[in-house]
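Top to bottom, those sequences are chains A and B. Going left to right, the first sequence walks through residues 1 to 555 as our numbering numbers them. Going left to right, the second sequence walks through residues 1 to 555 as our numbering numbers them.
The hints are simulated quantities; they were obtained by calculation from the structure and are not laboratory data. A portion of the hints provided could be inaccurate.
Unchecked claim - Which bits of chain B does chain A cover? Going by a derived footprint, with three or more residues having C-beta under 8 Å, they are:
#1 42 to 49
#2 146 to 155
#3 300 to 306
#4 428 to 439
#5 529 to 539
Stated by the list, open to error - Partial list, computed: chain B residues near chain A (C-beta under 10 Å):
#6 Ala10
#7 Arg33
#8 Leu63
#9 Lys68
#10 Val310
#11 Ser330
#12 Thr342
#13 Ala450
#14 Asp456
#15 Pro458
#16 Ile460
Stated by the list, open to error - Partial list, derived from the structure: chain B residues whose beta carbon lies under 7 Å from chain A:
#17 Gln331
#18 Tyr373
#19 Asp409
#20 Met419
#21 Leu512
We treat Cβ as the ideally placed atom computed from N, Cα and C, and that holds for glycine.
There are 2 protein chains.
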Amino acid sequence: MKLVIVGGVAGGASAAARARRLDEKAEIVLLERGPDVSFANCGLPYYLAGEITERSKLLVTPLERLRKRYRLDARPLSEVASLDLAAKEVVVRDLARGTEYRERFDKLILSPGAAPRLPGVPGQELPGVHTLRNLQDADHIMARLKAGARRALVMGGGFIGLEMAECLKHRGLAVTLVERNTQVLMALDPEIARPVADELASQGVEILTGRKVTAIRQRDDGPILVEMEDGDRRDADIVIMGIGVAPENDLARGAGLALGASGGIRVDAHMRTSHPDVYAVGDAVETPSVVTGNHAVVALGGPANRQGRVAASHAMGRADNLLDNRYRGSQGTAIVRVFGKTAGITGASERMLRRLNTPHLTATVHPAHHAGYYPGAEGMTLKVLFDPATGRLLGAQAVGGAGVDKRLDVLAMAIQGGMTVYDLEEAELCYAPPYGSAKDPVNMAGFVAAGLLRGDHPQITAADLKRRLDAGDPPPLLDVRTPAEHARGTVPGAVNIEVDALRERIAEARSLAGGGPLVVYCQVGMRGYLATRILLQHGIEARNLSGGYTSWTRA
Amino acid sequence: MKLVIVGGVAGGASAAARARRLDEKAEIVLLERGPDVSFANCGLPYYLAGEITERSKLLVTPLERLRKRYRLDARPLSEVASLDLAAKEVVVRDLARGTEYRERFDKLILSPGAAPRLPGVPGQELPGVHTLRNLQDADHIMARLKAGARRALVMGGGFIGLEMAECLKHRGLAVTLVERNTQVLMALDPEIARPVADELASQGVEILTGRKVTAIRQRDDGPILVEMEDGDRRDADIVIMGIGVAPENDLARGAGLALGASGGIRVDAHMRTSHPDVYAVGDAVETPSVVTGNHAVVALGGPANRQGRVAASHAMGRADNLLDNRYRGSQGTAIVRVFGKTAGITGASERMLRRLNTPHLTATVHPAHHAGYYPGAEGMTLKVLFDPATGRLLGAQAVGGAGVDKRLDVLAMAIQGGMTVYDLEEAELCYAPPYGSAKDPVNMAGFVAAGLLRGDHPQITAADLKRRLDAGDPPPLLDVRTPAEHARGTVPGAVNIEVDALRERIAEARSLAGGGPLVVYCQVGMRGYLATRILLQHGIEARNLSGGYTSWTRA
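My request is simple: use the sequences and hints to build the entire structure.
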């Protein structure tokens with residue numbers, strides 16, 4: 001058995017180690033275009049920020065160890081130029097010697113990764129204008145930073161763009177972030193991304209959303225000039241292009257392997273391509289969403305590593321049975337830290353469900369990450385999306401401080417298990433004051449969602465309320481917070497009756513409601529829930545504003 | 001509808017709020033023996049430690065709010081003396097006035113809680129010898145501490161005992177902890193509890209396990225003298241008895257309601273007792289384990305709160321349908337912080353599975369809580385228990401620093417969903433360097449467990465290895481760590497062949513193995529896994545020591 005693996009990072013390295021564990025006698029050739037195999041690409045922004053101080057820490061498994069421990073024929077600076085599937089050979093360029101040779105395989109695993117997308121604007125190739133994919137890119141950026149860069153412009157407000165904006169600000173640069181869309185973090189719904197943008201702004205990062213870079217020029221006097229469509233411009237000493245990645249599908253395309261509509265290589269649950277002896281893994285393949293079934297390229301480290309295991313297992317002849325591990329699809333679980341905030345997602349976003357016309361409901365809560373009476377409780381916003389018919393969880397997003405990652409992971413597991421919002425109600429999670437609450441945020445989201453499905457708790461989302469106000473069709477609005485809270489800011493046109501006085505003043509509420517349903521809100525939705533229950537039982541139609549005034553301020 | 005609730009903490013308070021949300025017109029009477037309703041009993045140790053500085057923070061929902069917001073007829077200092085189920089009345093003692101009266105009910109919810117067990121030794125009633133159940137107990141302890149207590153003795157090494165040991169040490173007292181069993185935290189398996197005991201010892205708490213207190217005396221000269229069975233004795237200015245709790249079942253027993261073998265009140269999935277109009281919730285009831293089906297009293301805040309909701313929903317006439325929430329059983333998810341360590345459990349322990357003769361396998365890993373290349377990674381030990389036939393997860397335990405609570409919660413969700421170790425392999429959890437790894441500890445536990453089930457990776461547990469050594473029947477032992485690691489400490493009798501040299505020295509390994517299987521180990525099990533694979537494929541029977549030398553040192 002001779003296994004050839006193209007690409008020595010994440011998926012490729014995992015596949016190689018797995019293959020060796022399963023077969024001591026196999027010949028395993030690991031071909032990597034760059035000088036480094038098995039490096040930690042997710043660590044690059046933290047290395048540039050100075051949080052990871054030693055470059056060598058990013059070399060997860062040094063070449064020597066791969067060779068000695070796993071007996072891999074690991075060849076860096078070896079670029080695969082083409083595949084000859086008829087002959088079962090790959091054509092390799094030895095980048096050090098400038099020679100070319102052919103390497104036979106019995107099984108082939110492609111792990112070429114994804115390349116940073118370029119904006120396609122004049123000047124994108126200038127020195128000082130960078131993408132960030134590997135250690136060499138990081139070296140170039142580091143050199144520019146050390147040469148005294150003071151102003152940075154980051155194109156793209158996705159995960160990498162935000163990590164780089166934080167990193168550069170952390171190093172003391174003035175940072176401008178330009179994003180074409182109307183929000184940062186397009187993977188997240190707008191109200192979840194909003195607090196992240198606010199955090200960036202509060203740290204002094206200039207955020208320009210809905211703006212398009214049209215040209216990058218080198219000024220004679222030193223700085224780079226970045227021009228935008230609306231005529232606005234910024235000087236920068238360094239520009240980072242982080243507008244996304246595209247699957248490296250050239251080899252696959254050249255060899256006639258099937259590609260998906262996304263441009264990713266098509267694979268089955270064993271990560272086999274359209275050729276039975278060729279597998280593909282990682283950022284270059286498209287996989288189905290476990291929630292929607294929609295195929296997409298998911299460029300994430302966790303899936304890449306697991307796909308590498310799956311491909312190697314199958315390539316090494318593991319029987320096609322239930323015990324065999326197979327790739328079940330991607331959830332798109334992703335997380336980002338931006339200064340003091342954490343934001344993330346698992347499963348489908350509301351934007352994605354809308355695009356696919358998938359029926360869904362949402363529940364949003366704003367709980368503390370642990371018992372409020374224990375010092376240090378940090379706030380979070382947790383949103384779950386679920387099927388209106390069955391309550392099955394379709395996605396979850398969260399933003400806040402400590403404990404956001406925990407709730408997303410719990411909900412990721414629930415989605416994987418096909419669980420429902422009724423299951424969230426009954427989840428039995430760790431409770432001691434430093435860790436959680438007797439009613440965990442996950443339970444709270446379940447209570448609200450299940451209450452909605454049971455009809456106990458009709459609601460209106462902040463987005464829907466905003467649409468009605470924008471359309472000049474405001475519903476009657478009742479603010480059930482205290483007069484002091486009401487005075488600090490409220491939805492325009494709302495009448496204030498504190499929840500504790502609502503029963504005495506029910507006649508006022510009834511006359512306020514008039515014909516249409518009354519929209520009720522408090523700060524986060526809890527008192528609004530009780531108020532809604534009181535109103536409904538007094539025969540007054542009412543909808544609770546989901547997530548309360550807190551959600552409103554983000555709509 | 002008139003609902004009477006006995007007990008105003010956790011389950012009782014949750015039931016009252018839920019009942020009001022469902023029914024505005026119901027008369028709801030909340031009877032609480034103590035002066036406080038809805039207080040945070042889980043916060044008491046942190047209040048005593050001074051972490052929670054204001055006593056008022058422990059009053060989760062003040063009496064006035066319960067009355068105003070929820071229109072509850074909330075009556076503190078109202079002890080229910082007996083139940084008259086034939087008349088559907090409770091007999092109430094007004095503790096303030098010393099009077100007694102009867103209160104009629106349509107539905108009754110019992111939430112009496114559990115009382116601290118007493119050791120049954122002379123002197124347990126002395127001043128300065130305390131239990132900790134409510135704010136009044138905390139007040140007494142606080143008074144004693146403020147009066148200048150310098151030496152404390154804590155009886156019982158369970159969750160409360162350890163929290164109190166930490167609390168008292170935190171306040172500067174010399175602390176001795178006495179536990180009858182051979183380990184602290186009997187809810188956990190010994191190797192998971194061990195690092196907690198080590199942490200206590202390293203913080204200067206004296207731990208006496210396998211020791212029994214036989215008498216407590218007041219010395220004439222001031223301190224309390226605690227005597228142990230073996231003649232050992234300690235002076236203390238304060239003694240805390242934290243040896244567990246017993247369900248308060250007197251009312252139920254007196255009224256002829258069915259009790260379980262555990263002494264807890266018997267209830268169905270709607271929390272109904274043997275009387276159709278009487279419900280019981282919280283620490284006084286027994287519930288089935290979702291894993292083993294075994295009935296037990298589970299004295300935890302999360303279940304109590306959810307049970308209160310379930311009981312109130314049913315009592316308020318919620319239809320008995322699929323959307324109706326019901327209590328599905330307890331997982332026993334519990335966590336404790338002891339100085340810098342966190343330890344916890346969800347599902348069944350190995351001790352419990354052994355006692356019930358439930359077939360099970362275990363997998364133990366010792367990963368870092370996030371990417372090792374990102375600064376601040378803290379170690380943890382994660383153990384999963386699973387069904388040998390199906391791989392279904394039966395339980396999980398963890399101990400370590402940051403991130404322990406997250407993995408336990410993820411695994412709690414997996415157990416609730418009936419998921420398997422194959423599912424853990426494929427879990428897609430949040431990965432960015434500050435939060436996790438591309439292969440999360442949960443994935444790692446899945447890899448090891450599934451590898452075991454697939455036969456890739458035979459193992460021996462540290463406990464089994466120890467039994468063989470203790471029995472004078474040592475297997476041949478191979479330490480595949482580096483010579484430097486080997487020199488720092490190893491299992492007696494082991495031969496050292498570094499994994500990277502194993503292939504060259506395979507003949508040595510073969511002759512070492514002799515007839516029986518070779519037991520292989522490294523530091524945490526990863527290199528041992530590869531070595532096991534190498535040996536097996538060279539026809540040498542081998543078992544990897546689960547969790548490696550790290551697990552061995554705890555056995």
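Now for the hints, and whether the structure bears them out:
1. Counting residues of the region 42 to 49 of chain B whose CB lies closer than 8 Å to any CB of chain A gives 3, which reaches the minimum of 3, so the coverage claim holds.
2. Check result for the region 146 to 155 of chain B against chain A: violated, 0 residues qualifying (beta carbon to beta carbon below 8 Å, three or more required).
3. Given a C-beta distance limit of less than 8 Å, the hint that chain A covers the region 300 to 306 of chain B holds, as 7 residues qualify and 3 suffice.
4. Evaluation of the coverage hint for the region 428 to 439 of chain B: fulfilled, as 11 residues show C-beta separations to chain A shorter than 8 Å, against a requirement of three.
5. Counting residues of the region 529 to 539 of chain B whose beta carbon lies closer than 8 Å to any beta carbon of chain A gives 6, which meets the minimum of three for the stated coverage.
6. Hint on B:Ala10 holds. Least Cβ distance to chain A is approximately 7 Å, under the 10 Å limit.
7. Interface hint status for B:Arg33: violated, as the beta-carbon distance to the closest one in chain A is roughly 21 Å, over 10 Å.
8. About 14 Å separates the beta-carbon of B:Leu63 from the nearest beta-carbon of chain A, more than 10 Å, and the hint is not met.
9. For B:Lys68, the shortest C-beta to C-beta distance to chain A is roughly 5 Å, which falls under 10 Å, so the interface hint holds.
10. A least Cβ separation of about 9 Å between B:Val310 and chain A falls short of the 10 Å threshold, and the interface hint therefore holds.
11. For B:Ser330, the interface hint holds, the least distance from its beta-carbon to any beta-carbon of chain A being 7 Å, beneath 10 Å.
12. A distance limit of 10 Å between C-beta atoms decides the matter here; for B:Thr342 the minimum to chain A is near 8 Å, and the interface restraint holds.
13. Annotation: interface hint on B:Ala450 holds; nearest CB of chain A at approximately 7 Å, less than 10 Å.
14. For B:Asp456, the interface hint holds, since its Cβ comes within 10 Å of a Cβ in chain A; the closest pair sits about 7 Å apart.
15. A hinted interface residue such as B:Pro458 counts as satisfied when its beta carbon comes closer than 10 Å to some beta carbon of chain A; here the least separation is about 14 Å, so the hint is violated.
16. Residue-level restraint check for B:Ile460 is violated (minimum Cβ-Cβ distance to chain A is 19 Å; threshold 10 Å).
17. With a least beta-carbon distance of about 4 Å to chain A, the hint placing B:Gln331 at the interface is held under the 7 Å criterion.
18. Interface restraint check: B:Tyr373 against chain A, minimum CB-CB distance 4 Å, threshold 7 Å, status holds.
19. Taking 7 Å as the C-beta cut-off, the interface hint given for B:Asp409 holds, the closest approach to chain A being about 5 Å.
20. Nearest Cβ of chain A to the Cβ of B:Met419: about 5 Å, under the 7 Å cut. The hint holds.
21. Because the beta carbon of B:Leu512 sits about 18 Å from the nearest beta carbon in chain A, more than 7 Å, this interface hint is broken.
Hint compliance for this structure: hints 2, 7, 8, 15, 16 and 21 are not met, and every other hint is.
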